[in-house]
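Asks: Sequence:
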Amino acid sequence: MADTVIQQGTSKRIGSVEELIKKLRAAEDEVVRLKKEGLTKSALPENEPTYTIVRKLARDVFKDAIPTKLQPSDLNFPVEVVVWNEPHPKVPVIRPEFTFDAEKLTPILWSIENGYNSALVGPPGCGKTTITEQIAARLGRPWFRIPIDGEMRRREIVGGFKQVVENGASTTKWFDGIALQAMKLPAIIDVDEIDRGDPDLQYLAHQLYEGNGITILEDEGRVVYPHPKVAIMATANTKGRADGMNLYALVQEMSEATRDRFAFWIDFDYQTEENEVKQIRKEVQNLPLNTATNIVRIAGAMRIALREGKLRSAFSYRQVKACARYAAFQTAILHDETKACVESVKKIIVNRGSDEAESGAIAELARKVMGDDWPAEENVNP
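Numbering (full-length UniProt numbering), first residue to last: 1 to 382.
These are calculated hints, taken from the structure and not from any lab test. Check before you lean on any hint, since a few could be wrong.
Here are the in silico distance ranges between beta carbons for each label pair [unchecked claim]: (1) LYS368 / PRO87: 43 to 51 Å; (2) SER313 / GLU210: 50 to 58 Å; (3) ALA332 / TRP265: 38 to 46 Å.
No residue lacks a Cβ here, since even glycine has one placed at the ideal position from N, Cα and C.
Generate the whole structure from the sequences, applying the supplied hints.
Replies: Right, dumping it as structure tokens:
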């Protein structure tokens with residue numbers, strides 16, 4: 001039975017459990033040999049831009065992205081910055097309006113420099129994924145997001161064989177998935193939703209965390225070795241355990257073996273009201289201050305209600321930005337900031353309620369924030 005499963009899983013390239021064990025042992029021996037010889041660096045893919053690595057002070061790389069005044073000791077250490085001979089398509093664009101917390105940024109950068117993994121933990125939409133992306137942007141590193149909650153299949157992550165036509169004849173050719181593409185570069189890999197990991201993908205994820213290469217069972221146990229500068233980060237809503245309020249569903253409790261692969265578990269939350277208003281006005285042009293303030297305050301009230309178990313719907317920064325953009329659009333049409341704000345809140349926030357009762361509760365929170373500016377017909381009793 002086991003031999004049949006292995007044959008099916010490897011397209012009959014491996015015929016038995018015994019043969020699989022032999023190939024895995026041979027792969028482990030090869031990893032040891034390559035490490036001893038210093039040959040673990042992967043070659044750049046064909047037609048890939050070339051690069052050099054320069055060392056700069058972290059405070060110089062991030063100084064315009066820290067909203068508070070840096071103290072002499074803040075970010076006062078060197079980091080490696082990748083400089084490409086031409087723009088690399090996977091290096092994110094720097095978003096000037098995006099800011100970092102120097103205290104939380106420090107362990108993340110240290111992890112990248114020293115070969116450790118770090119996990120960013122916080123509620124949905126508080127900016128965890130964007131943090132990994134913008135760190136990659138400022139360090140000049142290609143960035144890859146790999147969700148392991150089932151959003152992607154193993155074939156998309158690892159790769160697989162495809163039928164192609166070459167020189168007029170049909171043949172089978174291997175194509176790398178996103179993980180193998182990322183491992184060949186000095187990239188930052190964001191392993192997303194690790195606390196909701198699909199059990200079938202956790203084995204693959206563990207190989208990424210270990211940094212010793214990925215064994216491709218589908219291709220006769222071939223091992224793909226990581227680039228020596230690749231860095232692993234992860235994002236999650238919890239630290240792999242129930243959150244105490246059951247706000248976030250776990251596929252299964254994270255094993256201590258998985259948790260042990262991460263040196264740092266760094267807590268993040270939504271921004272303060274002041275910072276969130278400043279950021280949304282930077283990102284959304286022509287957004288009135290009063291409109292931005294109302295939207296952010298309603299978001300804050302919803303987040304508190306969610307934590308208290310009074311709502312089921314969250315209000316992430318994604319929704320804040322969508323609401324703000326629609327409000328700016330409506331302001332230009334209606335020439336009335338208040339009506340535009342109400343219209344945006346109703347369409348994007350209130351209508352997100354999972355049922356009529358929850359929509360009513362959200363409308364009541366909006367009324368409390370906006371007071372008499374909220375239309376009387378929208379008032380809902382607690």
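Asks: Look at each hint and say if it fits the structure.
Replies: Here is what the structure says about each hint:
no.	hint	in the structure
1	LYS368 / PRO87: 43 to 51 Å	holds, 48 Å
2	SER313 / GLU210: 50 to 58 Å	violated, 38 Å
3	ALA332 / TRP265: 38 to 46 Å	holds, 44 Å
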